[in-house]
Amino acid sequence: GAGVSQTPSNKVTEKGKYVELRCDPISGHTALYWYRQSLGQGPEFLIYFQGTGAADDSGLPNDRFFAVRPEGSVSTLKIQRTERGDSAVYLCASSPQGRETEAFFGQGTRLTVV
Amino acid sequence: KNQVEQSPQSLIILEGKNCTLQCNYTVSPFSNLRWYKQDTGRGPVSLTIMTFSENTKSNGRYTATLDADTKQSSLHITASQLSDSASYICVVSAGVPGGYNKLIFGAGTRLAVHP
Chain G
1 GAGVSQTPSN KVTEKGKYVE LRCDPISGHT ALYWYRQSLG QGPEFLIYFQ
51 GTGAADDSGL PNDRFFAVRP EGSVSTLKIQ RTERGDSAVY LCASSPQGRE
101 TEAFFGQGTR LTVV
Chain R
1001 KNQVEQSPQS LIILEGKNCT LQCNYTVSPF SNLRWYKQDT GRGPVSLTIM
1051 TFSENTKSNG RYTATLDADT KQSSLHITAS QLSDSASYIC VVSAGVPGGY
1101 NKLIFGAGTR LAVHP
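From first to last, the protein sequence lines are chains G and R. Mapping the first sequence onto this note's numbering, position 79 (from 1) lands on 79, and the numbers just tick up by one. Offset between the second sequence (1-based) and this note's numbering: plus 1000.
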């Protein structure tokens, strides 16, 4: 497709389980971002990839969160030992290189930890 | 600390009326300011992007203003439609090294347009 695609759209998991969230960015976009959005709040930055490397992971809340982008395209956000507080919508965005370029967002993955 | 604050938190207006949403920010170094529209259950969609030198930018019935001196922005919606019901998020891009957009989001203003 032409836009940013995220799968699954919804994920319910039990506390303590491991989850993977996938993001397919727009073809050719070198920059990829992950954000987390809690109910009634704006998205919070988690991590930024430029190509294959994580150029800024300062937003990852703790070491249970990890993200990869091995081939510079698809990215996977991985959460270990999930906690109820991890429940949120996880948004992925991609953009061409450059500060003034527009970031295009996916529809998000709604994660619910029960 | 980089922050973006929006007001009001929520707003209800009648179809056809105009409204203005406010955004104050403390982000340094400033790169650009964006307004996004987010429908329920969807990802944010960009409405406007303004750099330091731009005072106003329009996109159809949406007009954004930027005062870089006072670090304030507004989004004016003209002749509102039911489809304008959404959250409107002010986003400021911090000019971090490496040339990428470190986007700092406000909490958004939830707009409801009633018939």
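No lab work stands behind these hints, which were simulated from the structure alone. Mixed in with the good hints there might be a few duds.
To be verified - What follows is a set of in silico ranges between Cβ atoms, one per label pair, in the way DEER data are often shown:
1. E1054/R <-> V68/G: 46 to 52 Å
2. P61/G <-> Q1022/R: 27 to 33 Å
3. P1115/R <-> Q41/G: 37 to 43 Å
4. N1055/R <-> P70/G: 42 to 48 Å
Unchecked claim - A few chain G residues that don't get close to chain R, going by computed Cβ distances all over 12 Å:
5. G16
6. E71
7. R84
8. Q107
From the three backbone atoms N, C-alpha and C, an ideal C-beta is built for every residue, glycine too.
Item to check | Which numbered hints fail | outcome: 1, 3 and 8
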